[in-house]
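Assemble the dimeric complex from its two separately framed chains, guided by the hints.
Take a look at the letters that make up each chain.
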Amino acid sequence: MLSKRIIPCLDVRAGQLTKGVKFQGNVDIGDPVEAARQYYEQGADEIVFYDITASADGRAIMIDVVRRVAETIFIPFSVGGGIQTLEEMRQVILAGAEKVSVNSGAVKNPDIIREGAKAFGSQCVVLGMDVKGVARTREIPSGYEIVIHGGRVYTGLDALRWAKEAERLGAGEICLNSIDADGTQDGYEIDLTSLISTNVSIPVIASGGAGKPEHLYDVLTRGHADAALIASMVHYRAYTIREIKNFLHDRGVKTRLAW
Amino acid sequence: MIAVVDYGAGNLTSVARALEYIGKPCRVTDDPEMLNRASHVIFPGVGAAGDAMENLRSRGLGRWLKGWFASGKPLLGICLGTQVIFDYSEENQTPCLGLIPGQVKRFPPDIEDEGRTLKIPHMGWNGVAFSRKHPVFNDLSREAEFYFVHTYYPAPAEAGHVIGRTEYGLTFCSAVAVRNLVAVQFHPEKSGTPGLKILENFCTWDGTYAE
Numbered sequence: 001m002l003s004k005r006i007i008p009c010l011d012v013r014a015g016q017l018t019k020g021v022k023f024q025g026n027v028d029i030g031d032p033v034e035a036a037r038q039y040y041e042q043g044a045d046e047i048v049f050y051d052i053t054a055s056a057d058g059r060a061i062m063i064d065v066v067r068r069v070a071e072t073i074f075i076p077f078s079v080g081g082g083i084q085t086l087e088e089m090r091q092v093i094l095a096g097a098e099k100v101s102v103n104s105g106a107v108k109n110p111d112i113i114r115e116g117a118k119a120f121g122s123q124c125v126v127l128g129m130d131v132k133g134v135a136r137t138r139e140i141p142s143g144y145e146i147v148i149h150g151g152r153v154y155t156g157l158d159a160l161r162w163a164k165e166a167e168r169l170g171a172g173e174i175c176l177n178s179i180d181a182d183g184t185q186d187g188y189e190i191d192l193t194s195l196i197s198t199n200v201s202i203p204v205i206a207s208g209g210a211g212k213p214e215h216l217y218d219v220l221t222r223g224h225a226d227a228a229l230i231a232s233m234v235h236y237r238a239y240t241i242r243e244i245k246n247f248l249h250d251r252g253v254k255t256r257l258a259w
Numbered sequence: 001m002i003a004v005v006d007y008g009a010g011n012l013t014s015v016a017r018a019l020e021y022i023g024k025p026c027r028v029t030d031d032p033e034m035l036n037r038a039s040h041v042i043f044p045g046v047g048a049a050g051d052a053m054e055n056l057r058s059r060g061l062g063r064w065l066k067g068w069f070a071s072g073k074p075l076l077g078i079c080l081g082t083q084v085i086f087d088y089s090e091e092n093q094t095p096c097l098g099l100i101p102g103q104v105k106r107f108p109p110d111i112e113d114e115g116r117t118l119k120i121p122h123m124g125w126n127g128v129a130f131s132r133k134h135p136v137f138n139d140l141s142r143e144a145e146f147y148f149v150h151t152y153y154p155a156p157a158e159a160g161h162v163i164g165r166t167e168y169g170l171t172f173c174s175a176v177a178v179r180n181l182v183a184v185q186f187h188p189e190k191s192g193t194p195g196l197k198i199l200e201n202f203c204t205w206d207g208t209y210a211e
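In order, the protein sequences belong to chains A and B. Numbering follows my numbering, with no gaps: position 32 of the first sequence is 32. Numbering follows my numbering, with no gaps: position 184 of the second sequence is 184.
Extracted from the complex, chain B is given alone in its bound form (with noise of 0.2 Å):
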């Protein structure tokens, strides 16, 4: 069973419709109980990075997370997800889970391409140079672009966990692989074809990967 970590961050339908237009129907739950059940694990969310650590912590599912971090199981974050797996994120200043070192950045407000300030937030459709080889960004063309709207980034303290960058004005990460982690702050659920292609990749996924 794929599980959906429900954690009032936002309406999480889209990912659940994704899942099951590949073929894949999910739980959407906060109950950890479900979640222990299942044999994979989305963490998606929309919002800001305050609230999502206070309902986390308010449900228990911080320390469920790490704990299902540590069991090796597959873990797929997506967006306010993946963010708030970091140590600490600018927005709210806020300390977050710290599954793996590294902390959320705000976009400075200056930054520029060809001499035209960027707007902030970066919304809409952009690249992703994957840097290596991993089964659930498998069968992706090198053209593909993923849907992005944040205004906050990861910026993973070892540069061994980034594994995919997105230019916009600066260079970013907008994808970690760890272990048995995959985290993306772009939404494969509203980036088409490509987008479902990391989807149905993450479900057949095992959880490992040799870094």
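Looking at chain A on its own, in the form it has when it is part of the complex (with noise of 0.2 Å):
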């Protein structure tokens, strides 16, 4: 069977690695293709980059980064972060990573998810989603709402429908952000990674919330995500990927532990 995939994430800013926390005050914490060397070796399944630049400058930095990265580590990654159109998409792809994530650049342009899927396959298309808990409506039947730029903009967009919506384009994957756990380190947003894992038929990637070992095993059974984001409790060097994978595996999740 499948086992469930840890990922650690990764923020870059102009080719240099940073931790968010709820998207303010980030402080600079190194190389990035070191920091990927490091969590390859230690047996990360998976490996997210976000570009947090937004500049054009910023983007030809990254391309270098993914570029070096990808003869680094052998095993998938993916970038995402401000990508707008299908030649971004092919960049970031030509470079060397396994998947592109789209997030706000999808909201504006579902289009970009279909054209993604069609030009690279579907397995190279992850939809990115910001979510914010907010009161249920008719037109936000879920209660959680799509955000864009960080959390400061709402879209007016069911976190469901949108993610059914994303499916039926092509998308192959979601990586489920919780703008409200992103951060905390209180344990990532259960309900909704469980209403939007049991309702699409792609993989979901939990992310934000994660603060210690406890945190993953909940979403990967009650939340039923496919794989777990991590960041600050491997940055800091709380734990290692080894010791949440035997925590994981000791509570009957399965995790890879060769590598």
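Be aware that a few hints might be false.
[Claimed, not checked] Think about it this way: if two alpha-carbon atoms lie no more than 30 Å apart in a straight line, the pair counts; the simulated DSS-like pairs of lysine-lysine are:
#1 Lys73(B) <-> Lys254(A)
#2 Lys108(A) <-> Lys118(A)
#3 Lys105(B) <-> Lys254(A)
#4 Lys133(B) <-> Lys105(B)
In case anyone wonders, no lab produced these hints; they're calculated from the structure.
Right, dumping it as structure tokens:
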């Protein structure tokens, strides 16, 4: 059977690694290529990069980072952050990323999902969803709304409807980030993750809120997530990936233990 | 020289980069003359069987691959490359190369594990149970896992051609070994150290295998 994937997330700004807390107060913690190599050697099942630089210069630096990462690690990795066009997707894939994640770019132009899936295959296209809990209304029946620009802009899109729509358009996977939980280290948003994961047939990566191994256990069991994104809990050396995987394994969650 | 067959089926740079990393640089080419000069040929691919077969046909590579297989020199299929070596794929009802007998089938939509419907594609890390020894699959830990991304799976007509099996709601063939041909459904170039080990083993294999 498939192992549940443990995926460190590296935020990159101008070619340097950062870790944001609630998208503010980022602190530089080093070289993304070196960090990727360490996580690869420590048993990461995949790596996610978010390029939080918006400028064209930043994009060029990121493409170089992607190329160097692809020469260094031999597991899948994805790149997201500000990707708006098919050409930007193409550059990232040609530089060596396995997958590209689109977020606000897909909210503004859902067709980029279809075009990306057609050009590169669904397995290359990840929909990144930033979600906030809101009151249930006719427009937002699930009580979860898609937000963009780091949670500052509400889109009026219902998270569950958007997830299904993205699947229909050809997204191969969903990376589901709870803005409410992000950076808290208090645990993933279990209800949200379960709602999305049980209503689509593509894999769902849970993101936002990981602080200890119990949180991963919860989201991979009760939350029905296929994979769990982690950041601070490994970036600041509170836990190693091996420790997290052993914890999960001991509780009956299948993880990849040999690498 | 190691050659990687380029037939417009997805991005082949990851295979080339992995070979570079293990010190076995390769040529990525669709030129049969260049391919003829290779000692080992890797036949990868990502995408759909229909497009792949069309691209192979238009470049004359289908016939070339049959000739190479018959020559006895080492051939490694990966993912879609593995699928199109069979007779037929359910994907776009595509007649394929027929290097070895068998079909490629779609995972049924209702496969389950512990009462939960499984997601398709089968994507992520999974184990492979190898049933026999083979030079290309030497020195792998029993716990090793490999990276898969696929909706269709090979179903060889001859059980003797199957060397590795994987569980995903059903048991499917994830590795094939027939004479000088080895073919895997997973991506060794994306499977960390065990995957690199398979590539390394392949690059030093002489193509002989006593079945």
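Outcome of the hint check:
1. Lys73(B) <-> Lys254(A): violated, 39 Å
2. Lys108(A) <-> Lys118(A): With a Cα-Cα distance of about 19 Å, the restraint between Lys108(A) and Lys118(A) holds, given a limit of 30 Å.
3. Lys105(B) <-> Lys254(A): holds, 26 Å
4. Lys133(B) <-> Lys105(B): holds, 26 Å
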